[in-house]
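> Start from the sequences, fold in the hints, and give me the full structure.
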Amino acid sequence: MAIEIIATGRSIPSKRVTNDDLAAIIDTSDEWIRSHTGIGARHLAEDGLASSDFALEAARNALAAVAERDGVSPEAAAQSLDVIVIGTATPDYYGVPSTACIVQGKLGAVNAAAMDLVAGCTGFIYGLETAAGVLSINKNRKRALVIGVDLLSRITNWDDRSTCVLFGDGAGAAVIEKTDGPSEGPGKRGLLRTILGADGTGTESLIMRRGGSRYPYKAGEVIDIPPHLEMDGRAVYNFAVKAVTGTIEKLMEQEGITMDDVRLIVPHQANARIVHAAGKRLGIPEEKLFLNIEEYANTSAASIPIALDELNRNGTIQRGDLIMTIGFGAGLTYGGNVIIW
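Start counting the sequence shown at 76; every next residue gets the next number (my numbering).
Here are the simulated lysine to aspartate or glutamate pairs, EDC-like style, with alpha carbons at most 20 Å apart:
#1 Lys263 x Glu330
#2 Lys217 x Glu143
#3 Lys363 x Glu324
#4 Lys325 x Asp335
#5 Lys263 x Glu204
#6 Lys363 x Glu385
#7 Lys217 x Asp145
#8 Lys253 x Asp157
#9 Lys325 x Asp336
#10 Lys181 x Asp167
#11 Lys214 x Glu252
#12 Lys90 x Glu370
#13 Lys90 x Glu369
#14 Lys181 x Glu150
#15 Lys325 x Asp274
#16 Lys263 x Asp335
#17 Lys263 x Glu79
#18 Lys263 x Glu328
#19 Lys214 x Glu204
#20 Lys355 x Asp335
#21 Lys214 x Asp157
The hints are simulated quantities; they were obtained by calculation from the structure and are not laboratory data. Computed from a prediction, not measured in an experiment: that's the story for all the values here.
Put into structure tokens, the structure is as follows:
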């Protein structure tokens with residue numbers, strides 16, 4: 076039995092904000108942002124739109140490909156789903172209902188269980204493993220939808236020039252299916268191996284304090300600054316480089332592969348300097364590290380599935396290619412997947 080990705084989709088806001096646009100409203104410059112992060116632009120959601128709106132569009136794009144492949148309607152493709160898992164740090168609502176339930180209802184995926192998963196920017200990697208486990212444990216479950224979506228612009232302090240330049244909005248989706256293909260030996264396919272990890276001692280390094288049960292709002296309180304992300308950039312950088320290099324090394328060791336076997340590594344698009352530093356430490360050729368951060372910035376849990384959809388649709392990755400996904404984020408969490416496309 077193999078767990079294979081059979082379709083992908085993405086949704087990107089139409090509003091594009093360049094570094095020069097930001098430089099007009101805060102003390103920064105295109106040169107500073109590019110040299111420190113590799114970012115040239117980001118796409119930001121218009122007012123009135125929420126995470127579920129972008130997750131829904133990404134899901135519909137992926138399901139349209141499933142419908143075309145299977146020769147069925149998009150509605151039938153949605154009804155074939157057994158579970159929907161959404162990784163997000165910016166749900167539509169606080170706590171309940173889950174964004175996954177909102178998407179399930181609008182898709183008409185009446186046969187699917189639905190849940191949100193909170194693992195920061197590692198959310199899609201955690202989501203893939205979670206959905207694969209749900210499919211594997213029950214012989215009657217066959218197909219899952221995994222979405223990474225975040226509207227980080229909604230929780231960004233736009234007066235903090237050290238963080239506001241980093242983030243963008245978007246969603247990416249993948250449909251995974253349990254097939255009769257082998258997951259071991261000759262001709263193996265699909266999701267081969269996953270590493271999931273966390274370092275909970277780093278919770279203060281990337282945090283949104285206000286609004287939860289630890290720091291709830293109080294009656295009569297005047298809120299001058301809405302809830303927003305706080306980040307210790309140096310601590311996150313150091314953690315990320317170590318997490319990326321360690322995860323790549325463990326995945327190769329456990330799977331018994333070398334970098335020559337890997338077609339592409341698709342890392343979380345947080346900062347180009349992190350990716351390049353990790354690649355340099357491991358001696359990975361730059362052409363094997365995929366980056367699209369220049370256009371989209373850091374879209375958190377959406378960054379890896381957005382990249383996968385881009386690579387899938389432009390033909391960069393082909394059936395049979397071995398790829399790695401590598402992520403790290405708030406929690407602090409980290410993880411990676413080895414996948415044969």
